[in-house]
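2 protein chains.
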Amino acid sequence: MTGFSFTVRATDGAARLGEFQTPHGVVQTPAFMPVGTQGAVKAIRQRDVEETGAEIILANTYHLLLRPGDELIARRGGLHRFIGWARPILTDSGGFQVFSLAQRRVITEEGADFQSHLDGSRYLLTPERATDIQARLGSDVAMVLDECLALPATRDEVASSMTRSIRWADRCRRRLESLRSGPVDGVDVTNRGQAQFGIIQGGVFQDLRNESADATSAIGFEGYAIGGLSVGEPIEEMYAVTEATSRRLPANRPRYLMGAGTPQDLVECVARGIDMFDCVLPTRNARNGQLFTSEGRINIGNARYAEDDGPLDSQCGCYTCRHHSRAYLRHLFMAGEMSAGALNTLHNLSFYLDTMRRIRDAIAFRTFDSFRQGFLRSASRLSVD
Amino acid sequence: MTGFSFTVRATDGAARLGEFQTPHGVVQTPAFMPVGTQGAVKAIRQRDVEETGAEIILANTYHLLLRPGDELIARRGGLHRFIGWARPILTDSGGFQVFSLAQRRVITEEGADFQSHLDGSRYLLTPERATDIQARLGSDVAMVLDECLALPATRDEVASSMTRSIRWADRCRRRLESLRSGPVDGVDVTNRGQAQFGIIQGGVFQDLRNESADATSAIGFEGYAIGGLSVGEPIEEMYAVTEATSRRLPANRPRYLMGAGTPQDLVECVARGIDMFDCVLPTRNARNGQLFTSEGRINIGNARYAEDDGPLDSQCGCYTCRHHSRAYLRHLFMAGEMSAGALNTLHNLSFYLDTMRRIRDAIAFRTFDSFRQGFLRSASRLSVD
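First to last, the protein sequences are chains A and B.
Per the working numbering: the first sequence = residues -17 to 367.
Per the working numbering: the second sequence = residues -17 to 367.
Please note that a few of the clues may not be correct.
[As the list claims (entries may be wrong)] With beta-carbon atoms standing in for the labels, derived distance ranges: (1) B/132 - A/246: 55 to 65 angstroms; (2) B/192 - A/54: 54 to 64 angstroms; (3) A/347 - B/286: 49 to 59 angstroms; (4) B/68 - A/68: 24 to 34 angstroms; (5) B/299 - A/-9: 49 to 59 angstroms; (6) A/162 - B/291: 20 to 30 angstroms; (7) A/318 - B/214: 25 to 35 angstroms; (8) A/262 - B/100: 37 to 47 angstroms; (9) A/68 - B/53: 27 to 37 angstroms; (10) A/201 - B/297: 21 to 31 angstroms; (11) B/88 - A/262: 29 to 39 angstroms; (12) B/246 - A/266: 36 to 46 angstroms.
Simulated from the structure, these hints should not be mistaken for laboratory data.
The beta carbon of each residue, even a glycine, is placed where N, CA and C say it ideally should be.
Here chain A stands alone, though its shape is the one from the complex (with noise of 0.2 angstroms):
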């Protein structure tokens, strides 16, 4: 059984080339994740991800803990085995999930407790559960749960919060601690070479931010994330807390903003350290025809595509592309069809994956800032119609 390892292989000013080991396989860096909360990329089946060049996916720990159920997974050798899905996953901890989605929630120095948004039904969260929850889907790498606050928040609200997070943090680094060492009754782990990241929280208050950063550095993880951003922040906000606290992490360990973004964030935030991504961007807005482009973004629905014979993108060599015009698109769309969602979806996400080989491409040939300016100039060509 192979652990989790990390090394960087070449840097141009802050941006990073490298790649991170796991059970179950190589993920080079900077590396974009696709969201497969149910245990599946929407509307896109495993092949179609593989296609796309993606290297690892993420599921989401809360959605798989009400439907079908961690221990029904465990039984079934893990996630990997139960989706069919070979390469490597990340699963996030249901923090943020139980914020956003589930219903009545009490969130108390043990833990949060909630209630399903599909049924009802009461759970409990600790953070020992959410390590418990993950060792048994069996992820590659694992979150540590953290709390996630309503915006906006006080600084005082930001700061305890935040403090919270780091004890739970040590939490879920004991409780995998003792998993790793032995077996626990009632866990069933199913792979046994998971990785654990912490995650820096602190808001946009970047003295919390380094706080954050030194204390969850501390206690000792293979990867740490930024939390709480992209949630509403100005965008140059967004930008200036992920560079200081990014350059505020151990350098030797992969560095993950979580829930981001746009194509221009993920040249933006590489730039300034970042390893991995991952958002819902580009499958969610696929199925509202939303689409990006090497010319920016387009929306598929414009009745100025109906008689459109060129491809959705020139410079893309999906299938979508490969195979259908933008007219045909269109007509699927508003035709209301479900491969309408599939093709948008192969598209989007294989825009994404190609911006992060032509990223690692430039880095390994130091030319990331020319390509990021090249990369930001043809973007903002098209507005969005």
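Knowing the structure of chain A, use the given hints to seat chain B on it.
Relative to chain A, chain B alone:
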């Protein structure tokens, strides 16, 4: 430009093994045509349809007329180019959908006047216009416009509708001959080798069926369809009418049973001389979680599959059965994932197309009768759960 030709290569009882040639390639018969109503087989992509082994798909003239419009499709170079499907396509004439979907329809000798079910706009579908529309779509096989009757209907109503359908068939054929003999103003013919099939009506009255078969054959078409069955009549009546009508039709032309049916119907009607089938059953049932297997139908949402690690059908080699367990397919279905529709559709169509392959092999080896008995035995082993 190759036109249409049909060859019977072997027979076993009334069952026939053959092939027909079209401008977009050869179709082996007996053939099943997946339904791609709006120019797309629901939930899956053209590549997936090809992978099931389908050599021809059906598209609906009514739907494409309403959206995106036959003239728009002609400007794209025809339906094949528009939808990115290089193999043969059969289009129905729109008659059945005018009957089943359109609003405020008024049928006269001239044609069918109706309102779109999408936006209420008015259309007049005459035999000539149905022929023109299909010429613009450029399908490989066009169907004549026939009148479909509300059931139950008296013998007189069926007789009068059947004779009108003969007159309409004659008008369709004459229009096609005009289109073939030279340019017709306003009709951009996108497939010069298009064939046209007549449709036999007459309900369950065999003497009316015979009259329709004789008169329609006398007009002379490249193939003949049996319409107005699979609409609620007892199955033995459907089989009896199919058998007698099939026998009445020219032996050197393909025979197409419209809208049928279950896997058992395919086997039973091949045994009665049918060469072509189309049906929404495999695709529609797939989206509803009802799956066809070599041991009968199953409802994948059933709780008994929650921890079933076996494939949907151990006899099936489709993507779904090769990659996923019943437990995962149930999870996707219960979670409302779009990919459930895609994976289920892929399997059900694969089951249908595989059944057709086994039928053709059995005819070639003159073992069709024992195949038929074995098939019906195993298909009835499991009732729907």
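Hint check:
1. Hint check: residue 132 of chain B to residue 246 of chain A, Cβ distance near 58 angstroms, so the stated range 55 to 65 angstroms holds.
2. A hinted range of 54 to 64 angstroms for the beta carbons of residue 192 of chain B and residue 54 of chain A is consistent with their spacing of about 60 angstroms.
3. The given range of 49 to 59 angstroms is respected by residue 347 of chain A and residue 286 of chain B, whose C-beta atoms sit roughly 56 angstroms from each other.
4. Remark: the range hint 24 to 34 angstroms for residue 68 of chain B to residue 68 of chain A is upheld by a beta-carbon distance near 32 angstroms.
5. Taking 49 to 59 angstroms as the suggested C-beta distance range, the pair residue 299 of chain B and residue -9 of chain A does not conform, at roughly 41 angstroms.
6. Roughly 27 angstroms separates the CB atoms of residue 162 of chain A and residue 291 of chain B, a value that falls within the hinted 20 to 30 angstroms.
7. Remark: the range hint 25 to 35 angstroms for residue 318 of chain A to residue 214 of chain B is upheld by a beta-carbon distance near 28 angstroms.
8. For the pair residue 262 of chain A and residue 100 of chain B, the beta carbons lie near 31 angstroms from each other, so the given range of 37 to 47 angstroms is not met.
9. Distance hint for residue 68 of chain A and residue 53 of chain B: a CB-CB separation of about 48 angstroms, inconsistent with the stated range 27 to 37 angstroms.
10. Between residue 201 of chain A and residue 297 of chain B the beta carbon distance is about 53 angstroms. The supplied range of 21 to 31 angstroms is therefore violated.
11. At about 49 angstroms, the beta-carbon gap between residue 88 of chain B and residue 262 of chain A misses the expected band of 29 to 39 angstroms.
12. About 42 angstroms separates the C-beta atoms of residue 246 of chain B and residue 266 of chain A, a value consistent with the hinted range of 36 to 46 angstroms.
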